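Colleague: Read in order, the letters of the sequence shown are residues 630 to 898 in this note's numbering.
Hints are not guaranteed to be accurate.
Label-pair ranges, simulated between beta-carbon atoms [as the list claims (entries may be wrong)]:
hint : residue 1 : residue 2 : range
1    : SER893    : ASP823    : 27 to 33 Å
2    : GLN701    : PRO646    : 32 to 38 Å
3    : ALA856    : THR769    : 34 to 40 Å
Pairs of lysine to aspartate or glutamate residues, derived as DMTMM-like cross-links and limited to a Cα-Cα distance of at most 20 Å, are as follows [what the hints assert, rightly or not]:
hint : residue 1 : residue 2
4    : LYS648    : GLU673
5    : LYS648    : GLU744
6    : LYS896    : ASP870
7    : LYS648    : GLU672
8    : LYS896    : GLU672
9    : LYS648    : ASP884
10   : LYS728    : GLU744
11   : LYS896    : GLU673
12   : LYS866    : ASP840
13   : LYS730    : ASP712
14   : LYS721    : ASP758
15   : LYS896    : ASP807
16   : LYS728    : GLU695
17   : LYS896    : ASP884
18   : LYS721    : GLU695
19   : LYS866    : GLU898
20   : LYS730    : ASP704
21   : LYS728    : ASP713
22   : LYS721    : GLU759
In case anyone wonders, no lab produced these hints; they're calculated from the structure.
This one's a predicted model, so the numbers in the text were calculated from it and none came from an experiment.
Backbone N, C-alpha and C fix where the C-beta goes; we use that ideal spot for every residue, glycine too.
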Amino acid sequence: MIVIDVGQGDAIVLITPQKEAILIDSGNTLLGGTRVLNVLHQEEIQLLSRILVTHYHEDHIGGIAEIVRQYQPSDGYFDRGRDDLPITASYKTYENIAKEKRTALVSGDQFTFGESSFHVFVEETDSDDENSRSLTFLVTIGDHRLFLSGDITGGGGNPPFQTLDLETALGSEIGDIDILKVAHHGSHTSTNTDFLAHTTPEIALISVGNDNEYFHPHPSVIDRLIASGIEVYQTEKGFADRSDVHIANGNIVIDFFQHDYEISIQKSE
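Can you build the whole structure from these sequences, using the hints too?
Modeller: And the structure:
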């Protein structure tokens with residue numbers, strides 16, 4: 630698995646030994662497509678099986694248009710479907726690309742990819758917050774359990790912009806995990822204490838851009854992770870330098886074995 634350094638955005642790729650890939654999000658319009666394609670070329674990917682879309686913000690779907698000029702997903706695009714939230718320019722571009730090759734996922738859906746199994750969670754909510762409608766994925770690879778959290782919310786924020794706490798119940802349902810892809814780039818709206826207590830990850834991965842205007846990752850989130858004994862890896866330093874986390878300044882690579890895994894850094898190209 631590779632957490633691709635797409636600056637301020639998210640893009641993760643899982644790769645089989647046969648050089649088949651599945652992509653979860655695609656980064657932003659500025660860097661996402663180029664950075665994802667660089668990884669797909671570097672890893673000599675022969676087939677892109679499917680593209681999973683956690684939600685419709687530009688920093689998660691902006692790179693798709695560039696990617697599909699070279700890699701059309703053989704099984705199509707998988708998302709939460711269309712709903713009542715406002716249509717943005719980035720969503721309209723995505724909808725025009727996906728067309729009839731689009732499949733809506735619902736909570737409880739399961740599928741396999743190579744030796745990985747995916748369990749889909751999407752919380753029922755009337756919130757008009759796009760992040761709260763994120764698809765999330767519990768991924769099992771061998772003995773390992775990973776949680777890919779999109780931008781799901783955990784009740785943080787400042788009134789009147791307090792977010793819904795969807796994380797606590799979700800954490801209770803999924804239970805112990807080994808690796809957490811931290812929600813919303815380490816925003817203070819996510820990664821609450823109860824969620825961490827339910828899931829007890831060993832490793833936290835944060836995809837974030839340098840000197841961003843959103844204070845990502847928020848110091849309070851890093852403090853919670855460190856206080857819970859979780860080792861933190863970031864693609865970039867984000868809002869501020871810290872000496873108690875690993876700053877990749879590139880892609881974060883995790884190689885899985887049956888009973889163990891190994892983390893390494895791959896410089897962005």
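Colleague: Now tell me, hint by hint, if it's right for this structure.
Modeller: Results for each hint:
no. : hint                           : in the structure
1   : SER893 with ASP823: 27 to 33 Å : holds (32 Å)
2   : GLN701 with PRO646: 32 to 38 Å : violated (22 Å)
3   : ALA856 with THR769: 34 to 40 Å : violated (27 Å)
4   : LYS648 with GLU673             : holds (7 Å)
5   : LYS648 with GLU744             : holds (13 Å)
6   : LYS896 with ASP870             : holds (19 Å)
7   : LYS648 with GLU672             : holds (7 Å)
8   : LYS896 with GLU672             : holds (13 Å)
9   : LYS648 with ASP884             : holds (14 Å)
10  : LYS728 with GLU744             : violated (29 Å)
11  : LYS896 with GLU673             : holds (16 Å)
12  : LYS866 with ASP840             : holds (8 Å)
13  : LYS730 with ASP712             : holds (18 Å)
14  : LYS721 with ASP758             : holds (18 Å)
15  : LYS896 with ASP807             : violated (24 Å)
16  : LYS728 with GLU695             : holds (16 Å)
17  : LYS896 with ASP884             : holds (16 Å)
18  : LYS721 with GLU695             : holds (15 Å)
19  : LYS866 with GLU898             : holds (17 Å)
20  : LYS730 with ASP704             : holds (8 Å)
21  : LYS728 with ASP713             : holds (18 Å)
22  : LYS721 with GLU759             : holds (15 Å)
Hint check: violations occur at hints 2, 3, 10 and 15; the rest are consistent with the structure.
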